Structures are given as structure tokens and as C-alpha cells.
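**Student:** What follows is the residue order along each chain.
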Amino acid sequence: MRIRPRFFIGVGLIAAAIGYLIFSAIRTTSEYYLTVPEVAARQTELGGQALRVAGRVKAGNIDWDPNTLTLKFEIVPIPDVDNGAVKPVVASDPVSFRVVCAGEPKPDMFAPGRDVIVEGKLGADGTIAATQVMTSCPSKYKPKQSQ
Amino acid sequence: MPQLGNLALAIALILAVYSIVANIYGARRNSPDFVVSARHALWAMCAMVTIAMLVLWSALLRSDFSLEYVASYSSTTLPTVYKITSLWGGQQGSLMFWTWLLSIFTSIAAFQNRRRNSEIAPYALAVLAGVAIFFLLMLNFVTRPFDLLATVPAEGSDLNPLLQNYWMAIHPPSLYTGYVSATVPFAFGAAALITGKLDDGWIRSTRRWAIFSWFFLTLGNMFGARWAYEVLGWGGYWAWDPVENAAFMPWLVMTAYLHSVMIQERKDMLKVWNLSLIGLAFGLTLFGTFITRSGVISSVHSFTQSGLGPYFLSFLITVTLGYSALLIFRSKQLRSPAEFESYLSREAAFLFNNLMLVGIAFAVFWGTIFPVLSEAVRGVKITVGPPFFNRVNGPLALGLVFLMGVGPLIAWRRTTTSNLVRSFAAPVVIGVATGIVARAEGLRIWYVLTAFSLAAFVMGTVLVEFRRGVNARRHMVSEPRAKALVNLVAKNNRRYGGYIIHVGVIVAFVGIVGSSFFRTEVKKSVHAGDSFSIGSYTLRFQGLEQSDTPHLESATALVEVLRPDGREITVMTPAKLFFKRPQQPATKVAIRSTPLNDLYVVLAGIGDDGQTATFEVFLTPLVFWLWAGGLMMVLGTVVVMWPNVRERAAIATALSRQSTGAPELANVGAPGGD
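Note that the protein sequences, when read in sequence, are chains A and B.
In terms of this note's numbering, the first sequence opens at residue 1 and continues consecutively.
In terms of this note's numbering, the second sequence opens at residue 1 and continues consecutively.
Hints in this document: simulated from the structure, not taken from any laboratory.
Some clues are possibly wrong.
[Said to hold, decoys possible] In silico lysine-lysine, DSS-like type, Cα no more than 25 Å apart, as pairs:
1. B:K524 <-> B:K588
2. B:K197 <-> B:K332
3. A:K121 <-> A:K72
4. A:K72 <-> A:K58
5. A:K72 <-> B:K197
6. A:K121 <-> A:K58
7. B:K523 <-> A:K121
8. B:K523 <-> B:K588
9. A:K72 <-> B:K524
[Said to hold, decoys possible] Computed spacing ranges between beta-carbons, pair by pair:
10. B:W43 <-> A:G103: 30 to 40 Å
11. A:G10 <-> B:V634: 25 to 35 Å
12. A:R42 <-> B:L148: 45 to 55 Å
13. B:S336 <-> A:S24: 27 to 37 Å
Remember, it's a predicted structure, so these values are computed and weren't measured experimentally.
Idealized CB from N, CA, C, for every residue including glycine.
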């Protein structure tokens, strides 16, 4: 197939336009996707940034007010699962962040010990003001543990 | 019994290996006996996989929990229909289902080509068998569906409640059918490259397969969107989740392919492009399975994070490298003598439509893998959500819609000004008028104005085309208008079926634009007897009804819907379900759909007193038209695929190596469909 030179202009323009759209959209819409320890490590530089934080709901300290649709809880790191190996006990001070999500119903799967993805912004006081809390699928769909 | 399943899968693998050897040997030595034997081996392979499927189905129906798969994805209380569908509810089962479809399609392709395409068919069947070998290796050695449990549990752990829905019965099979049937045109393309028979024979022989695949990809995406809409309870139907994207990308590339092959059939151009597109489409089906099964990209519905990822990635890389090497090896023979002459030509319109489709597919791909890329390059995971996809694809969709109007009407090669005016004057007037009226009605969002104007423009072009065709027929044979219309579509089903699909796409597009820009939402906690309003509707919460069965517990809210004048329209019953095994809550959405808007009520929570409920209510305009458009696309595709004598003759001529320029308009003398 041959394409005349002036067709390259048209093809090039369209390709450039698509490239520009992708580039500019990435710049304006990207969010950090971090784990709880990563947020702790970068806390100072993340203020006001759009974030997605993956963590686990800490048992206790969960407060759900159905009248104002406000959900308050704490997230802690998701422990590593090392293919059935004995997990080292984490002795260091546990990092956790307070999450406040207002104006959204509580997700069906939300429960202590569940893994969640929190979308929102980190405030100066270390509280994540969440716009959305998403729950991962239930544990049954985790990989088989090798025995 | 499980041993029978294992045995059948092992034999199927051996047969697949044999059929490759016999096919290639037979084709090279020109020994038809071996080719026949290879074909029989493929049929036997299909029979073996079928036996394995029946064994697993029977185990599911008998709740034989000695099988790990049955114990993990079923239970005694699961309704029978979901026992059947749980065959594709888990990884091993869905891979086997995939393999089964592939073996069926391979058998059909072998049957279709038993007396034709004797040069490329053996190689194409060998490629198909090669793909089957990959899946059979997985089933035999990596993710075995018939593994037994050491201790047989008394009860299974049941199917994920989200999958206990009737869409579950049809969405995955449709999508898999679409994915897997794309393998057939890919195999013929690869065979054309291997043998050097690079005319459009491979395209013509597999045109129906490509449309068939596109049809089921369309259905699969539509069903998936509908499933999300009815089940997930967030009021939308598409979230640009990686798994959705994985189903959307092959659809885009297949759409591009179906258009660009027309250029090759008519003008003998774009050979490399077509071969690349079909390779890309097939690669994307593997990529889709890879990202769903590997857990590389976090998805809201990554059901299984398994060890399959590396295998799929290796296979994907092997296929990509092998196919690219073939393309480079044949690149000299793929040069086309013809060239593009003018921007104002159908070739150019199709070329740009292809660029748009592939551009959208690329943007979707880029957004999907961006977290992985950014982590590799910058050391930090950065995700892009729906805003990214909407910002990039919004403008591209407008360009695509514009080209949908231009492509079918503009002349091949080049167009004169008077021709342009004659074809496009009426559609342009319709489009502009729509924009003016919408603006006068108070619509101010430029994107929506442009989208609705372009949609009207495309509708105008389709009307012009139908009018032209009907008039041409009436000019030659005096028929009443209605009869002329029916005959026109019946005798040129490929062309006019295509226009029906275009109308469906536009209708769905209008639905998508309307529902994306004008959705409103109310969240409220209310006591029994209280009411609240959304749009012009008033909703009154009357109370909760509880029920309890061995399978699930439920609480149903009774919500009266009132018009502004206080008249009751209907009572909606959103519910909260609590499945007992696994112990898991789920939401049942209530939807009242009208052409103007959908009222979508979610019971988001229940107060401890049993008298308070939290509701999330969405009012979504025009979303009805998304599903209506999908239905039209399906109807149009059925028209396109309807058997047509004239087309068979065209294939026969093409196969006897004569160049054809198929007549297109109002071919009166030709016999109708059979």
C-alpha cells in the first residue's frame, strides 16, 4: 500500500491529535495509587493530591451514620501473604489513617478486615477525605494457598 | 467420573498435536489423506472436550463436592440454572468453556473448508489447533478442572452472589463466543502469510466469522453493561474498569477490521493493515484474558488472581513476535499497486475511521496499563479513572460519528463538488436544524449540541441512502414503496444491514451522551411514611418487608412513585439481600424505564429499628436508547449475516481466482436469499 505524501499529513495530524488528547488527559486526571505504608512514607508531598489508597479496614472504630450517610473508619496496611510461609509478625508501630467518607452509602461488602480502595484527598491532619470507598471481592476468590 | 474428564482432556491435547503435524505434512507433501486425517482428529478433539464439559456439568448438577471446582463454585441450595452457569463462574471452568468453543469453531471451520481453500485451510486449521494446544496445556497441567479434594465437604462454598443473576447465564458466553470466534479469521490471516496466498481469499472465506465475532462482542459488551446497570447498583453501566476495557478493545479493532476489509475487497489496498488488525484483535482477546486472570492490573472485579498470568503473557508474546515476523517476511508481496487519490473519497473516509477506532482502542489500552507503566518507569503507581477515558474518547467519538455519516455516501476514489452537494445537502440541513432547535430549547453544553447535531446528520445520510436505493428500484421495476424497501434490504443485505447497524450505533450514542451528561442523583435516609423527590417524581417510602429462605434473607422496601399531580404511577421494590453461604450481602436495584428517563432506586441501607431506610436514587435521561440502539445493532447484524445466494457466488468466483467487482445497488435480476 502506498499513501501519497499529502495523506501522511492527514494521518499524522490525526495521530498527533490522539496523542495530545491522551497526554493532556493523563496530566489532568491521574491519581496516585498507593498502599497505606506508601502514603505514610510520602505524607508531606501528598497533601491535597487526588489519591487512591489500598488498605484494610481496621476492626473497631467504625462509625456509620445513616442519617448523614457518613462513614468513618481507619485503614491499616494489607499484610503480605507469602505463599503460605509463616508471616513475620509486624512489630513496628502500625501505620493507620482515618478515613471520612460523607454522602455515600455504605458499600455492601464493607466490614472490618476487608480490603478496600479509598479514593480521596489526604488532609493536613492525616485524615483522608474520601469521595468513594470501594470494596474488593470476597476472600473466596483469592488464590489457593499452596499446602 | 472425574478421571473420565482428565482422560478426555489428555486425549484432546494429543489429537490437537497430531492434527498440526498431519495438516502441515499433508499440505506440504500434497497428500490429501493426511489433511483428511487431521480434520478427523480435530473433530475427535471437539468430541473429547465436549465429554469433559459434560463431566463437569454433571458433577455440578449432582453437587459432587469431591471435585474442588464444584465445592468452590456451587452448593446444594444453588438454583439449577446457576449450577449450569457456574461452569464458567470460576477460572478452570471458564478456560475449559473457552477451549470447548474453540474446538467447536475449529471443527466448523474444518467442515466448511473440506472442499475449498485447499492451499491455506490446512495451515489455518494448524494455527487453530496450536491455539487449542495452549489452552489444553493449561487445562491439563496448570489449572485443572477435575482436581479432587482430599476431604469431601458436606456443602460447597457457593457461587458469588453477584454472579447469581440471569445476565450471568448469557453475558460470559456471548463475550467468550466473540473472543474465541475471532481466532478463525486470525488463523486464516496467519495461514495466508505462511503460504504466501495473499489475495483477499482469506478475508472472503472468513468474513462471516469476523461478523459473527463482532456480533457476539457487541452482545457481550451490551450484556455486560446491562448487567452492571441492573446488578451493581451505582446507577451507571460502564466504569472503564480494566475488565470492561478488555472486552471493549477487541470490539473496536474488529469494527475497524470489518470496515477496512471492504477497501481491500474493492480496491486491493490496505493488505498489511488488515492482516495487522486481525492479529491485533486476536492478541487483544488474549490480553483481555491475561489482565483478568493475572491480577497485574487491579480491577474492581478481578475474581481470580492466579498463576496463569505468566503463561498467558508468554503465549501472547510468542504470538505477537511470530505474527510480526511473518508480516515482515511477506512485506514485499503485500505492497499494493493502488493508492489513495483524494481526501474526499470513501477510501480516505474509511482510512480515517480506522485511525479513530484504533486510536480509541490505543487510548483505552494506554489508560488500562498506565498504572503498570508508571510503576515501572517512575516507581509509583498512577491510575487514571473514568475522567481520562471520557476526556480522550469523547472528542474521538464525535470524529467517528462524523465519519459514519460521510463514509457511506461519498464516492470511491474522488468526489466532485456537485456530487458532495447533492449527497450531503439534506443531511447537513437536518444536522444543523437539530442543533439550532436543541439550543433554542435551552441546551447549552457544546459537546451535547455537537453530538446531537452529528447524530442527526448521520441519520440524514442513512435516510438519503435508503431513499436513493428505493427510487433506483422503483425506476427499474415498478414496485410499491414498501415492497421496494423490503427487496432493497433483502437483496443488498450486507449494505443495508450495515446501515441498520449504523442507526443502532447512533441511537446508542445518543443514549450514552444523554445519560452521561444529565444524570441526577439523590441520597436520603427516610422513615416509613416519609417522602422525597427527584426530578418531577415524588417517592414515598411505605415500609420494609422481610423474608427468609434457606438460600437467602431479604428486606424489600416498598416505594410509591408519584407524579407531580399526586397520582401514583407505580410501586418500586428495591431490596437488600443477604446470602447465607458465603455470608454476603447484595443489593437488588429497582428500575422503572421509560424512553425519556430511567428511575433507578437502590436500597442502600436499613436502620436498626427496621423503620428507617437509606435510599440512593438516580434519574438518568435517555439511557433507554442505549439498549434500544444495541437491539438495532443486533437486528442489523442478523440482516447482514442472512445467507445470500449472490454472495456465495461471489466467494466461489473469488476462490476460482477471478477478480470481482461485486455489483452493489438494486440488482434486480439476482435471486433472493435462500
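**Student:** Evaluate each hint against the coordinates.
**Tutor:** Now for the hints, and whether the structure bears them out:
For the hint pairing B:K524 with B:K588, the CA-to-CA distance comes to about 17 Å; that is within 25 Å, so the pair holds. In summary, the hint linking B:K197 to B:K332 is supported, as the alpha carbons are separated by about 13 Å, within the 25 Å threshold. Proximity of A:K121 to A:K72 is assessed by CA-CA distance (about 15 Å); at most 25 Å being required, the pair is judged to hold. About 11 Å separates the Cα atoms of A:K72 and A:K58, which keeps this hinted pair within 25 Å; it holds.
For the given pair, A:K72 sits about 66 Å from B:K197 by alpha-carbon distance, which is inconsistent with the 25 Å threshold. Simply put, A:K121 and A:K58 have alpha-carbon atoms about 19 Å apart, close enough for the 25 Å limit, and the pair holds. Restraint check: the Cα-Cα separation between B:K523 and A:K121 comes to about 22 Å, which is no more than 25 Å; the hinted pair holds. At roughly 17 Å between alpha-carbon atoms, B:K523 and B:K588 fall within 25 Å of each other, so this suggested pair holds.
Among the hinted pairs, A:K72 with B:K524 is consistent with the structure: their alpha-carbon atoms are about 18 Å apart, no more than 25 Å. For B:W43 and A:G103, the Cβ-Cβ distance of about 60 Å falls outside the hinted range of 30 to 40 Å, so the restraint is violated. Between A:G10 and B:V634 the Cβ separation comes to about 34 Å, which falls inside the hinted range of 25 to 35 Å. Checked against the hint of 45 to 55 Å, the pair A:R42 and B:L148 passes, with Cβ atoms roughly 48 Å apart.
A C-beta distance of roughly 36 Å is found between B:S336 and A:S24, which places it inside the suggested range of 27 to 37 Å.
Comparing the model with each earlier hint shows violations of hints 5 and 10; every other hint is respected.
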